[in-house]
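**Q** Take a look at the letters that make up each chain.
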Amino acid sequence: MSHELLQVIWFALWGLLWAIYFGLDGFDLGSGMLAAVFRKDEEQRHLIGALAPIWDGNEVWVITAGGVTFAAFPKLYATMFSALYLPLFIILFGLMSRAVAIEFYHHMDYDRTWQKIWGWVLAVGSFLVALLFGVAFGNIFQGMLLDAQGYHGTIVSLLNPYGLLTGVLFVVAFLMNGASWLAHKAPDGELRNKAHSFATRMWPAVLVVAAGWLVYTPFATKLMDNFLNVPVLFLVPALAVALLVLTRVYLQKGNHLWALLAGSLTVGLTVISGVIGLFPNMFPSKIDPAYSLTAFNSSSSHYTLQFMFWVVVIFLPFVLLYQVWAYKLFGRKGTGSEVQHY
Amino acid sequence: MLSRIQFALTVGFHFIFVPLSIGLILFTAIMETLYVRTGDPKYKTLTKFWGRLFTINFLLGVVTGVAMEFQFGTNWSRYSEFMGDIFGSPLAVEALMAFFLESTMLGIWIFGWNKLSKKMHLLAGWLVALGTHLSAVWIIVANGFMQNPVGYVINNGRAELVNFWEVLFNPYAWHTYVHTIFACYSVGAFFVLAVSAYHLLHKRNIDMMKASLRIATVFAIVATLGNAITGHFNGQNVALRQPTKLAAMEALWESGSNVGMPLIVIPDAANERNAVEALKVPGLTSWLSYGSTDAFVLGLKDIPADERPPVGLTFWAFRTMVGLGVLMLLLAVLAWWHNRKDTLMERKTLLKFMLWSIPLPYIATNLGWMTAEVGRQPWTVYGLITTADSVSPVAFSDVAISLGLVIIFYAILVGLDVYLLIRYAKAGPEAMDERHAAVAD
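Top line first, the protein sequences correspond to chains A and B.
Just so we're aligned: the first sequence equals residues 8 to 349 in this note's numbering.
Just so we're aligned: the second sequence equals residues 4 to 444 in this note's numbering.
Calculated directly from the structure, the hints in this document are not laboratory data.
Each hint should be verified, as a subset may be incorrect.
As the list claims (entries may be wrong) - No farther apart than 25 Å at their CA atoms in a straight line, the calculated lysine to any residue pairs in the SDA-like style are these:
#1 118(B) / 131(A)
#2 340(A) / 49(A)
#3 121(B) / 328(A)
#4 229(A) / 160(A)
#5 122(B) / 160(A)
#6 335(A) / 123(B)
#7 45(B) / 33(B)
#8 121(B) / 123(A)
#9 123(A) / 117(B)
#10 340(A) / 119(B)
#11 122(B) / 325(A)
#12 123(A) / 411(B)
#13 123(A) / 419(B)
#14 122(B) / 229(A)
#15 123(A) / 122(B)
#16 118(B) / 160(A)
#17 122(B) / 339(A)
#18 47(B) / 328(A)
#19 118(B) / 332(A)
#20 47(B) / 229(A)
#21 118(B) / 123(A)
#22 351(B) / 209(B)
#23 118(B) / 301(A)
#24 304(B) / 381(B)
#25 121(B) / 339(A)
#26 118(B) / 229(A)
#27 335(A) / 117(B)
#28 123(A) / 47(B)
#29 118(B) / 199(A)
#30 118(B) / 342(A)
Unchecked claim - Incomplete in silico selection of chain B near chain A, CB under 8 Å:
#31 65
#32 75
#33 114
#34 118
#35 120
#36 124
#37 125
#38 163
#39 165
#40 337
For each residue, glycine too, the CB sits at the ideal point set by N, CA and C.
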């Protein structure tokens, strides 16, 4: 395979990993945020108990995305992570808090006060991760203050309207998906109805924010260029919109598993649409495109890309296989908390 | 400098949690195997008991590991850019091969007791163990490159990978790997010894704990003995590939053949000499390092001063580790002997020693890691890039803020880990069967 082809493949893989991550962990994070809404003892126990077996497997996708960025695009990895130093640290703290909260919630089930604390830690941690990942991607879509000397932005410059809007989009979409998951897992009608009505009420919010985001995007970013050059690509965002509508249909029917699936695919396809618009940029410069980091100027050597390509081809199917196994075990309807005899 | 402190802290914290996880999951998997093979419910209770302690601890290893994955980029961006081609690959493989496996399987293992057949559940347990061991392979392969770079060329000011297999089968990495894995087993084994000793001292769960000890004492002996043996070969490996580190470990100033080893040494780095040297065994250093008493050993004075590692720190870390290793081996043999003779219950002092020996393998493991990492200084990658050239061009205040947060956050994590481990370790295996585990005291 030629070097350019490999670089394109790796760019696609990079986008795909992020899309899978946000599709899967998105509903986890949404569900985590809901710990602040569903605060009653039993409700919260079922909410967190339904997350406990699966959140870790979902989170590994972000670690893989990070590892792959390091291996395939070391220059991007180095620039992006040192440029986004503080936001990334807050995301990390959020991820860590989320993890600790979910696990310790059960280990400390002898003390309701601790559980209340962990419920809040989970909600806040999940919220920060969702919001700031959205802000980070919103800024990458817009372009960064990057020149020959490096990156010049601050955390304040990242909190611009478009970045924040993308963050809010992530938050509301994740909340909707998290509520679908909870409705699916809820062991009794009361919790199911409550989660269901939350998801249904969240849907218009997602629609409005998504519409605003779609309208704002051509003004704030150059993402449209690729789509205008190859109009057939418009199918991807169109599919995302169609799936968002489908989410509403499934919610109406009370089929929460399919609503979750459609909602997660909406999130995944939105990320893929953004990444398509970005190509070949991965960390574009707002100041001068000459300083942008692209799939072609920040990648590893031919040998590394080729070798790692085969590693992915061989191991990714296994990963998918046993993750499917996990979901078959723990994705069953109405089981509630999976924590029994711990 | 702040970046160095921060990184050392995050790795140090990570390395508090990980060895116990690796040692304890293996022990837990052995317990579950005994359960599946004998059908004795005692082993099921023990599996759940040790498994719960494992899960508490494992989580914190995961959490601190996630931070590390990103820290190479946030704090060592210049290093990452220089080395990403090679260093990133093992990390990506680690995520694909190991992290997914251990994370997904752990969920299945913890929550799948009533959903899977005994054998499938056991399989999930062993896959978690496999995942943790594989994870260690890849991170040590990455570290092995930093210690002994192989399979690369320097191209356009960047290290580029030319042979992945050479990086994977780097002899330095594998010497380190087996040594580290045995160290993890020691941590796990001594943890089990201590918790069991606690229960025996309080005359609770005696049958269960004796059953644990039967395996754990053998485990502890194998681990500490394995450490001594692999440690010896690892020393030869260092002698061959990083003579500067060896010189610092031994605080050896003058080069020469037939170098003896003084058993008591107090180095004085400022004056390039040792303040105290006594009980010299002739030719021992030469023999241990190269297998011949006549072998030539490089001394610190023949290494340019700016390429010497910090002598005092490397020396003391290494010596203390070896001393602790010997002590642990003695303790393990004693515990095994008395447990076999069934006289352990009368040996209150020994039991107390076992209880309080929990920190020993931790200290030894962290000292071993310090020897390896400090002994490599001033290099990040031995002979290729220095630590000073590796750090990110990040604002001082950013690093300071995140460092402060890291310290507070990690201190809380360690506190919670210790609190929960003690609580559940004290509560004992019977409490596992109740949803609300009550503290026994």
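**Q** Sort out which numbered hints this structure fails and list those numbers smallest first.
**A** Checked against the structure, the hints that fail are numbers 1, 5, 8, 9, 14, 15, 16, 18, 20, 21, 23, 26, 28, 35, 36, 37 and 40, while the rest are satisfied.
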